[in-house]
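Asks: Listed below, chain by chain, are the residues.
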Amino acid sequence: NAGVTQTPKFRVLKTGQSMTLLCAQDMNHEYMYWYRQDPGMGLRLIHYSVGEGTTAKGEVPDGYNVSRLKKQNFLLGLESAAPSQTSVYFCASSATGTGSYEQYFGPGTRLTVT
Amino acid sequence: TQLLEQSPQFLSIQEGENLTVYCNSSSVFSSLQWYRQEPGEGPVLLVTVVTGGEVKKLKRLTFQFGDARKDSSLHITAAQPGDTGLYLCAGPRSAKIIFGSGTRLSIRP
Numbered sequence: 001n002a003g004v005t006q007t008p009k010f011r012v013l014k015t016g017q018s019m020t021l022l023c024a025q026d027m028n029h030e031y032m033y034w035y036r037q038d039p040g041m042g043l044r045l046i047h048y049s050v051g052e053g054t055t056a057k058g059e060v061p062d063g064y065n066v067s068r069l070k071k072q073n074f075l076l077g078l079e080s081a082a083p084s085q086t087s088v089y090f091c092a093s094s095a096t097g098t099g100s101y102e103q104y105f106g107p108g109t110r111l112t113v114t
Numbered sequence: 001t002q003l004l005e006q007s008p009q010f011l012s013i014q015e016g017e018n019l020t021v022y023c024n025s026s027s028v029f030s031s032l033q034w035y036r037q038e039p040g041e042g043p044v045l046l047v048t049v050v051t052g053g054e055v056k057k058l059k060r061l062t063f064q065f066g067d068a069r070k071d072s073s074l075h076i077t078a079a080q081p082g083d084t085g086l087y088l089c090a091g092p093r094s095a096k097i098i099f100g101s102g103t104r105l106s107i108r109p
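For the protein sequence lines, the chains are A and B, in the order given. The working numbering puts the first residue of the first sequence at 1, with every later residue one more than the last. The working numbering puts the first residue of the second sequence at 1, with every later residue one more than the last.
Accuracy of the hints is not assured; some may be wrong.
[As the list claims (entries may be wrong)] Cβ pair distances, simulated, as ranges:
| id | chain 1 | residue 1 | chain 2 | residue 2 | range |
| --- | --- | --- | --- | --- | --- |
| 1 | B | E41 | A | G97 | 39 to 49 Å |
| 2 | B | T20 | A | L69 | 37 to 47 Å |
| 3 | A | K14 | B | L3 | 31 to 41 Å |
| 4 | A | M27 | B | G40 | 32 to 42 Å |
| 5 | B | G16 | A | S67 | 46 to 56 Å |
| 6 | B | E38 | A | M41 | 11 to 21 Å |
| 7 | A | R44 | B | Y22 | 20 to 30 Å |
| 8 | A | T112 | B | T51 | 38 to 48 Å |
| 9 | A | S67 | B | L58 | 36 to 46 Å |
| 10 | A | R44 | B | V50 | 19 to 29 Å |
| 11 | B | E41 | A | G40 | 13 to 23 Å |
| 12 | B | T20 | A | S67 | 41 to 51 Å |
| 13 | B | R108 | A | L69 | 19 to 29 Å |
[Said to hold, decoys possible] Cross-link-like lysine-lysine pairs, in silico, BS3-like; alpha carbons within 27 Å at most:
| id | chain 1 | residue 1 | chain 2 | residue 2 |
| --- | --- | --- | --- | --- |
| 14 | B | K96 | A | K71 |
| 15 | A | K9 | A | K70 |
| 16 | A | K70 | A | K57 |
| 17 | B | K56 | B | K96 |
| 18 | B | K96 | A | K70 |
| 19 | A | K71 | A | K57 |
| 20 | B | K96 | A | K57 |
| 21 | A | K57 | A | K14 |
| 22 | A | K14 | A | K71 |
| 23 | B | K96 | A | K9 |
[What the hints assert, rightly or not] Here are some chain A residues pointing at chain B (derived, C-beta under 8 Å):
| id | residue |
| --- | --- |
| 24 | A24 |
| 25 | M27 |
| 26 | Y31 |
| 27 | G42 |
| 28 | Y48 |
| 29 | G53 |
| 30 | Y64 |
| 31 | Y101 |
| 32 | E102 |
| 33 | G108 |
| 34 | L111 |
Because the hints were derived from the structure by calculation, they are not lab data. Keep in mind the model is a prediction, meaning the values are calculated, not measured. Even glycine gets a Cβ: it sits at the ideal position worked out from N, Cα and C.
Here chain A stands alone, though its shape is the one from the complex:
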């Protein structure tokens, strides 16, 4: 099993450009999440999904959109990138059932917006 994978690993964008980050998981998890991690800010939740076809806003959703068309994939879109979106982006998934929502993270995407 690959677990959680993220594509791409690195990306440099110019201000105003758009891009999509792809997250895939092969653990049949219902829940998926997108976080950003900035120095000194810890992990902040952008959007999350509790099942195929459903999404919800997290702590810092502005400037991002998401889609969950298939259970195993969760896409994060930036329509018009801004320098403030320079960060490391992590995708995670979790199973339901225990109520603990233990997170399984991908390796991250390092995004720089110039």
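Model the placement of chain B on the given structure of chain A, informed by the hints.
Replies: Leaving out everything else, chain B in the frame of chain A:
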């Protein structure tokens, strides 16, 4: 409002020393988790504590959940350079996880 406060924020100690990291909240959690994140990688789940007063051991790491389920601690015995990383506590809230701000641990050889 930070629901989970971790202390200390930074810790640099010599190899072989012992250390304790704390995770505190004013709210009750049904469980608390600890993750370790190494540079350039995603966080990895170390343990989940579920019952108040529970103690779990993972080799030289000992995790404890407070009796009131509002706090947790991580104790490392005889720290090694491989223990270096960012340690995060986290607790569930609905379908989401609340993360603490983390403790950055550096072990000097």
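Asks: Look at each hint and say if it fits the structure.
Replies: Do the hints match the structure? See the list:
1. B:E41 x A:G97: 39 to 49 Å: For A:G97 against B:E41, whose Cβ atoms are near 27 Å apart, the range 39 to 49 Å is violated.
2. B:T20 x A:L69: 37 to 47 Å: Distance hint for B:T20, A:L69 holds at roughly 45 Å.
3. A:K14 x B:L3: 31 to 41 Å: holds (37 Å)
4. A:M27 x B:G40: 32 to 42 Å: With Cβ atoms ~23 Å apart, the hint is violated.
5. B:G16 x A:S67: 46 to 56 Å: holds (50 Å)
6. B:E38 x A:M41: 11 to 21 Å: holds (18 Å)
7. A:R44 x B:Y22: 20 to 30 Å: Since A:R44 and B:Y22 have Cβ atoms about 22 Å apart, the given range 20 to 30 Å holds.
8. A:T112 x B:T51: 38 to 48 Å: holds (44 Å)
9. A:S67 x B:L58: 36 to 46 Å: holds (37 Å)
10. A:R44 x B:V50: 19 to 29 Å: holds (26 Å)
11. B:E41 x A:G40: 13 to 23 Å: This hint holds: roughly 18 Å between Cβ atoms.
12. B:T20 x A:S67: 41 to 51 Å: Holds: the Cβ-Cβ distance is about 43 Å, inside 41 to 51 Å.
13. B:R108 x A:L69: 19 to 29 Å: violated (49 Å)
14. B:K96 x A:K71: holds (17 Å)
15. A:K9 x A:K70: This hinted pair holds, its Cα atoms lying about 22 Å apart.
16. A:K70 x A:K57: This hinted pair holds, its Cα atoms lying about 18 Å apart.
17. B:K56 x B:K96: holds (24 Å)
18. B:K96 x A:K70: With a Cα-Cα distance of about 20 Å, the restraint between B:K96 and A:K70 holds, given a limit of 27 Å.
19. A:K71 x A:K57: At roughly 18 Å apart (the allowed maximum being 27 Å), A:K57 and A:K71 satisfy the hint.
20. B:K96 x A:K57: Holds: B:K96 and A:K57 sit about 11 Å apart, inside 27 Å.
21. A:K57 x A:K14: Status holds; Cα separation ~25 Å.
22. A:K14 x A:K71: violated (31 Å)
23. B:K96 x A:K9: holds (25 Å)
24. A24: At about 14 Å, which exceeds the 8 Å cut-off, the nearest Cβ of chain B leaves the hint on A:A24 violated.
25. M27: violated (13 Å)
26. Y31: holds (6 Å)
27. G42: holds (4 Å)
28. Y48: For A:Y48, the interface hint holds, since the closest Cβ of chain B sits about 6 Å away, which is under 8 Å.
29. G53: violated (15 Å)
30. Y64: violated (16 Å)
31. Y101: Status holds, d = 5 Å.
32. E102: Interface hint status for A:E102: holds (5 Å vs cutoff 8 Å).
33. G108: Because about 5 Å separates A:G108 from the closest Cβ in chain B, which is inside the 8 Å limit, the hint holds.
34. L111: Constraint on A:L111 not satisfied, violated at 14 Å.
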